[in-house]
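Engineer: Go ahead and model the full structure; you've got the sequences and the hints to work with.
Numbering (the working numbering) for the sequence shown: 2 to 427.
Rather than coming from a laboratory, the hints here were simulated on the basis of the structure.
Hints are all accurate, no fakes.
DSBU-like mimics (lysine-lysine), calculated; alpha carbons at most 30 Å apart, straight line:
{"hint": "1", "residue 1": "LYS142", "residue 2": "LYS241"}
{"hint": "2", "residue 1": "LYS298", "residue 2": "LYS112"}
{"hint": "3", "residue 1": "LYS373", "residue 2": "LYS203"}
Remember, it's a predicted structure, so these values are computed and weren't measured experimentally.
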Amino acid sequence: MRKTGKSIAALFVALMVVLTLMVPAFAASTITQGATISAPTANSTATVNVATGNAGDTLYLYQVIDANFDPASNNLTMDYTQLFKDFLTATSTTLSLDSYDALASDSAALKDILGAFTAYVKGLTPAPTAAKQATTDGSGKAVFSNVEMGQYIVIGGGNTTGALIYQTVTAEVVPHIDANNEYKIASSYDVEMKVSTPAIEKEVQGTAQDGDKETASIGDIVEYTLTIAVPTYPAGATNKTFFIGDTLSNGLRLNADSIVVKGVAGANETTLAVPAAYTTNTAGATNNGGTFYVDFKFAEIAAYTNVVVTYTATITDQVALGTTGTGNPNDVTLVYSNTPFNGNTWVPSGDPEDPDRPETSDPGYGSDDDTKTVYSYALVIDKYDSNETTKKLSKAVFEVYYGSEAPANLVATITTGEAALQTSAA
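Structural biologist: The following block contains the structure:
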């Protein structure tokens, strides 16, 4: 909504086309290029196109202001819908139409009001029926047809395929006065949904580079860095669930005391404290493989652009050897609520397994993921009988060194068996 200097309340008086008074033209909606412009009637409707950038999401329109046009007297009047009046009463909020119109579209006050109204609507049981509902197509656009005159709040429903987090925006189908001082209404309006995109990226350090592969040896300690883009949840959001699950393959053992989380804003980094900003659940990943979790308290990280999680893992003797297989992958998944007005933020129960933890397949949750793989080579040592060159001998002892200077870089002492014995070396 754009501040105009003319109040919605002023529209309750009769306006003649010869006047130059302009009806508020809210910033959220723009007339679609090529739309038909005509004189409004009492029953005028329009199409509203909402661009989101994400396919398969359900959007809802909830009406905030009702607009009525009388062609006989050329009067345009506006009033809050009953749903919005009920919200004001329930929240003990005093807000005249005049005050509402005076709020700038990017003001924190307007965002707070729209967010609180959305939370109110989603919290009602049973939930009120939306004025309109539509699903975004492959290009991320939702089309609402036959939308009656007035102002609406657009609420994103979300999906489970990495949906964006939608901010609360308004859509308007309101007659305007043209250059000839005549009321006109468009056949179609466009709205661009403001979105926030959570994302995660993983990096690994402490390895040796072999072409495009990261390699390490048994006993090596490697460090992983997870960089997480912090989204913006709309004002009034009740569900800000936000956590990561990191799964180590067999042969990687988490060093639980190595986990460090920092908040990043510009050039500044702040080490975040447990349990004020986050908690961890490492019970499943302190042997060989398994998954550990970092659960964020979103209010404590909301001011940062990114949060960065670092931790180390030790390569164990269960590591997969060779470079032709899958190696030793380490997968991380960021899980977050993409329906911030549905339910409440999930809180860890303290149970090591947290059986009710949301999953990426649950309705209303989105995700992003990344994987890094570490490889470890196989070193095959055979001892053959000097008289029978095809016969392998067991119990032959070898010292294996890394580098050219022994014994400073002793890797392992190996005793052969009937078959070739394997160890790993970068």
